[in-house]
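Protein chains: 2
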Amino acid sequence: MLIVKTPEEVFEIINSVFGERMETEEVSLSDALGRVLSEDVCSTEHVPGFDRSTVDGYAVKASDTFGCSDSIPVVLSLLDEIRMGEEASECLKPGEAAYIPTGGELPKGADGVLMVEYSELYGDGTVGVLCPVSPGENVIFRGDDIRTGERLLSKGSVLNTAQIGALAAIGKTNVPVKKKLSVGILSTGDELVPSSDVPGPGQVRDVNSRMLESFVIGNYAEAVCYGIIRDDKEEIGRTLDIALSECDLVLISGGSSAGLKDTTAKIIEERGELLFHGIAMKPGKPTILGNAGGKPVMGLPGHPGAAFFVAQLFVTALLDRLYGRKQSEFPVKAVLSERVPSNHGRAQYVGVSLREENGILFADPVHSKSGLITTIARVCGYFAIDRDREGLEKGEEIEVWRFSI
Amino acid sequence: MLIVKTPEEVFEIINSVFGERMETEEVSLSDALGRVLSEDVCSTEHVPGFDRSTVDGYAVKASDTFGCSDSIPVVLSLLDEIRMGEEASECLKPGEAAYIPTGGELPKGADGVLMVEYSELYGDGTVGVLCPVSPGENVIFRGDDIRTGERLLSKGSVLNTAQIGALAAIGKTNVPVKKKLSVGILSTGDELVPSSDVPGPGQVRDVNSRMLESFVIGNYAEAVCYGIIRDDKEEIGRTLDIALSECDLVLISGGSSAGLKDTTAKIIEERGELLFHGIAMKPGKPTILGNAGGKPVMGLPGHPGAAFFVAQLFVTALLDRLYGRKQSEFPVKAVLSERVPSNHGRAQYVGVSLREENGILFADPVHSKSGLITTIARVCGYFAIDRDREGLEKGEEIEVWRFSI
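Chain order of the listed sequences is A and B.
The first sequence runs 19 to 423 under my numbering.
The second sequence runs 19 to 423 under my numbering.
To be clear, the hints were calculated from the coordinates, so they are not data collected in a lab.
Misleading hints may appear alongside valid ones.
Note that identical chains are pooled: a pair holds if it fits in a single copy or bridges any two copies.
The list that follows gives simulated cross-link-like pairs (lysine-lysine, DSS-like), each with its CA atoms no further than 30 Å apart [said to hold, decoys possible]:
#1 LYS198 x LYS313
#2 LYS173 x LYS344
#3 LYS313 x LYS197
#4 LYS351 x LYS300
#5 LYS351 x LYS387
#6 LYS344 x LYS111
#7 LYS412 x LYS351
#8 LYS300 x LYS313
With these hints in hand, go ahead and build the complete structure from the sequences.
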């Protein structure tokens with residue numbers, strides 16, 4: 019009774035079933051990195067607020083300089099020099115020039131700046147212009163950077179360094195962002211012990227709690243860890259109810275046993291709608307998604323290696339959807355360093371490390387028996403093999419998607 | 019008297035002049051994302067600690083199953099089933115099998131697992147084997163993931179999600195990492211007002227403080243902002259001295275005036291060695307680097323657009339060096355969507371946005387007059403034009419380096 023979907027169908031389900039969370043808050047620019055803008059930001063003023071020089075030189079009327087050259091310089095009278103951060107109060111009349119530093123305010127009457135390299139000071143209060151200046155030359159005009167009412171950033175942007183700088187430039191020092199999503203993390207399985215413990219016979223350490231926690235933190239969301247839950251329907255259900263009351267999204271990983279997989283699906287069904295049970299991909303097949311009153315509940319494979327791929331692909335998609343995030347990633351092209359067979363009839367995702375040799379970028383598949391986690395630690399990205407391909411040949415050019423977290 | 023270097027020379031200088039900072043601390047895995055490992059981590063045990071099944075099925079002696087098929091099944095007697103998290107106490111004798119869940123401990127005497135799909139239960143305490151099992155089939159042996167003494171991660175790794183998972187797997191729940199570097203940020207210039215203020219005539223907002231602060235935070239370092247300092251040699255020197263006593267690295271941005279550029283260089287020279295004054299690149303030419311008793315002091319251009327590129331290229335290199343960080347980035351290949359002229363005799367760095375159309379990735383250069391910051395907000399990476407090329411043609415394949423922060 020598995021409702022198995024392709025990865026593409028899973029992305030569609032995520033985007034059609036779940037809605038964007040609308041809770042917002044204001045944060046200062048110092049706390050804005052990685053946060054998701056909750057509304058468009060438009061400038062409420064012209065930036066820069068005045069005409070500025072982009073070079074050190076002399077503010078001039080361009081028409082005064084037409085036709086001059088280093089053999090026939092135009093001679094202009096010098097006004098007081100313009101100082102940084104001060105208003106250029108004197109109005110430039112025909113035949114006049116004023117020294118202006120980079121970033122200085124262009125005086126009224128001037129419409130261009132002569133670079134200092136093309137000037138000659140005569141020491142008698144005049145300056146020689148050795149090269150004609152076009153109107154607008156070496157000037158950023160008022161509003162050239164951004165104009166009043168113009169949109170700087172759109173809703174859904176994930177704020178980066180440059181955008182934080184741009185927000186500072188327009189004086190938007192508090193920005194409206196989506197509230198951090200809260201993500202509940204449950205590890206299930208009778209075989210699990212906390213990662214700080216020494217496992218006894220038949221036991222293994224809980225890897226997924228720490229791995230998913232850091233994944234959530236790296237997505238600028240809040241991780242709430244509910245620890246290890248025994249393979250018990252009541253206990254898992256009780257903990258899930260708490261997590262659903264406290265979180266926006268819940269991740270249940272494990273257990274590996276066939277019985278438990280069904281248990282998780284049943285527990286989800288009792289609390290809402292089971293959207294699918296299984297993805298036609300390797301690794302990550304036993305992935306489940308449910309909708310509990312608008313909140314996604316995802317069941318991830320217990321194998322850390324598989325849970326890692328599911329998080330990178332589908333937990334990212336869930337967070338994108340709930341945050342209303344706009345992110346675009348582009349793959350790196352690389353040459354496959356060895357043949358990779360595949361005949362699973364389902365999409366296969368293969369982790370790789372990248373290496374440059376003689377200017378060629380090679381992707382080395384990282385081989386891993388199902389369930390191995392230490393090999394995943396050497397992986398920097400992955401490529402996908404379509405379900406209808408039987409594998410890829412050594413030397414083929416592939417597209418590698420990098421893991422950023 | 020400018021000591022101008024090429025970008026390549028600047029990277030060499032950074033790596034030869036400055037040493038790795040050795041201060042370390044221990045953090046829990048919950049706080050380890052993005053931190054730099056300060057020593058190699060080796061496993062102190064075998065993972066997994068016992069032979070595990072990778073499928074749901076029957077633990078068998080492989081030799082018992084040789085030669086069987088679905089028409090001539092081998093019949094084995096069933097022992098008690100193996101339970102997750104419990105020791106497989108019964109020893110398997112020839113002619114016996116035991117049900118085992120994925121992840122369960124292989125009983126002594128067994129050396130392979132038959133997938134449940136190739137079995138037939140007869141209901142009389144026996145199971146039919148419809149397909150031979152090879153020794154080792156569907157088993158992860160003790161130590162297959164990692165063995166005692168084997169190196170899991172090497173010093174200098176920037177910890178990511180998968181590596182944090184791998185550390186949890188070996189029980190390393192506290193990890194030795196480099197102490198966060200403390201980076202002092204000074205903005206200089208008489209024309210600057212705090213970004214929360216409305217600029218008066220001739221004034222502009224301080225953009226670089228917030229931009230560099232978020233850049234430092236995104237590098238998992240601590241930003242210490244010293245605010246806006248007037249164009250005054252004494253005042254800048256005094257603040258720099260405080261910053262040098264409190265921080266591992268100091269960034270002074272601005273001012274744009276020629277006079278101030280020299281001032282910053284002089285102030286650095288008075289406190290140590292001026293390594294260079296100017297980089298043969300655009301944007302970013304007026305960049306300065308000094309060595310004040312082993313601590314780097316970098317003077318960045320006042321123009322936010324130029325300071326952004328300098329931070330992405332050279333502040334990253336400084337942090338890599340001080341942290342002893344190993345990071346490898348690989349460019350994305352894209353098609354240049356328009357001709358970009360360049361004849362500066364110096365390397366030119368051009369910001370781009372990326373766009374996919376009919377399966378082709380196009381790089382659109384983002385045009386920006388020097389000093390514009392809002393255009394930088396649309397940039398997702400850059401390409402470089404060598405100093406000896408006169409520009410690049412429309413349709414050329416270029417390598418785009420993405421900005422991750």
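**OP:** Kindly indicate which numbered hints from before are broken by the structure, ordering the numbers from low to high.
**Re:** 6
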